[in-house]
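Going down the list, the protein sequences come from chains A and B. Under our numbering, the first residue of the first sequence carries the number 7, and numbering increases by one thereafter. Under our numbering, the first residue of the second sequence carries the number 9, and numbering increases by one thereafter.
Treat the hints with caution; some may be incorrect.
Claimed, not checked - Only part of the chain A face toward chain B is listed, based on derived beta-carbon distances under 10 Å: (1) A35; (2) A77; (3) P82; (4) D201; (5) D226; (6) Y247; (7) L257.
To be verified - Where chain A lies over chain B, by a calculated footprint (3+ residues, C-beta under 8 Å): (8) 23-29; (9) 37-48; (10) 58-65.
Just so you know, the hints here were simulated from the structure itself, not pulled from any lab data. Bear in mind that the values here come from a model prediction, so they are computed numbers and not experimental data. Quick reminder that beta carbons are idealized off the backbone N, C-alpha and C, glycines included.
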Amino acid sequence: MLAKRIIPCLDVTHGRVVKGINFVELKDAGDPVEIARRYNEAGADELTFLDITASSDDRDLILHIIEDVAAEVFIPLTVGGGVREVGDVQRLLNAGADKVSINTSAVVNPQLVKDAADRYGSQCIVVAIDSKRVNDHWEVFTHGGRKATGLDAVEWAKKMASLGAGELLLTSMDRDGTKSGFDLELTRAISDAVDIPIIASGGVGNLQHLVDGVREGHADAVLAASIFHFGEYGIDEAKKYMKQHGIEVRL
Amino acid sequence: MSVDIAVIDYGMGNLRSVSKAIEHVAPAASVVVTSDPAVIAEAGRVVFPGQGAAPDCMREIDARGLRQVIIDAARSKPFLGICMGMQVLFEHSEEGDTACLGILPGTVQRFPHAAMVDAAGNKLKVPHMGWNNVHQAVPHPLWAGIEEGARFYFVHSYFVQPASPAVIAGFSHYPFPFTCAVASGNIFAVQFHPEKSQNDGLTLLGNFVTWNPGEIDSACDMSGAACA
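Generate coordinates for the entire structure from the input sequences, incorporating the hints supplied.
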């Protein structure tokens with residue numbers, strides 16, 4: 007039976023992982039390759055790297071990181087952040103990324119999603135949707151959640167799926183950083199509206215939130231950062247908890 | 009000098025993961041990613057990966073003049089098809105109503121929308137994406153060291169339906185059983201991605217780089233039913 011996936015997310019800037027990473031005896035808490043290796047050993051189903059580098063001068067650093075990680079970690083690697091054109095997708099795939107996540111640029115230029123999916127296949131195109139509740143619906147935001155787009159998140163998700171996205175990474179801006187759990191209503195609304203897999207993100211504070219994301223939110227995968235990075239929970243602890251609650255996982 | 013392992017590059021998707029994983033399990037081997045028919049023809053072993061859509065794959069194979077060298081390799085040397093590289097070995101794909109290489113009898117079909125519901129009534133997504141159990145239909149040298157039911161990483165919307173059940177080497181469920189590995193002589197082909205399936209995937213690739221189908225054939229001749 008297909009397993010629900012647990013995906014740790016690493017924020018990378020200037021070639022370093024930021025936010026605390028709290029593995030036991032980790033020599034260098036900011037070394038992306040060592041962190042990736044540890045998550046791989048711990049049973050992560052995939053890894054997502056988010057390049058939060060502000061200046062374009064440092065963009066190539068992520069390529070070296072992906073090259074190094076891909077040479078020794080053999081699970082799917084997704085990279086997002088700053089993807090603006092098909093050439094960016096190509097560079098990341100050539101470096102060893104398996105999937106590329108497109109966020110702001112999908113709103114600015116939806117054709118990018120279609121062009122990239124046509125050229126490299128839907129399986130490697132993830133569209134990241136940052137969404138916030140506005141009145142009676144959810145709206146898409148870009149630029150790290152700072153800029154409203156006027157787009158309805160459910161309709162946007164459908165459009166991205168129809169343009170060739172292979173997967174959606176859905177982040178609730180209302181919940182991100184709150185540790186109060188996923189926005190289950192939002193996650194379910196989008197997961198039920200499209201046929202492609204949904205990764206739920208934003209708000210995980212404990213293991214029950216992961217279970218809720220799958221059972222109540224109908225998510226196909228759950229992404230979390232801080233609960234893993236700070237060592238509050240291990241990946242295999244999370245998987246065992248999900249399994250105890252009747253969710254199929256890879257142990 | 010001829011190379012040990014040629015990874016066929018026909019412009020469909022990212023082959024870096026495949027070549028990296030093979031280099032990892034065969035550090036002493038020469039591994040090249042190539043679209044040169046001469047290099048493929050000379051290589052000791054061939055890996056035929058691929059992502060994307062079947063019509064594009066077949067068009068790119070022909071645009072690079074690779075059809076015959078792929079067919080020849082599949083008939084003559086250890087040959088590993090991965091994902092789209094498995095699907096186009098068959099005769100026809102429903103994806104874009106595409107005539108494929110026809111090396112193995114059978115067709116390629118999409119997961120039918122009406123069937124995509126699990127036992128609890130939940131909708132199943134297409135593409136089938138993630139880690140699923142692979143059941144070994146037959147013993148095979150490429151399964152050596154891999155537990156029955158081990159999980160491999162999948163991402164696909166179409167699956168093969170071989171005309172002959174005899175070539176089925178492995179199957180998975182989504183939600184119905186579908187063929188995810190085939191074996192025929194020196195061909196082994198998988199729908200999942202061994203290069204992304206962590207330790208079990210590396211084990212399978214390691215088995216491929218040391219596999220000698222000729223030896224297996226003669227062993228089968230000698231031991232009879234044990235290899236059937």
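State the violated hints by number, sorted upward, taking the hints as numbered earlier in the document.
1, 6 and 9
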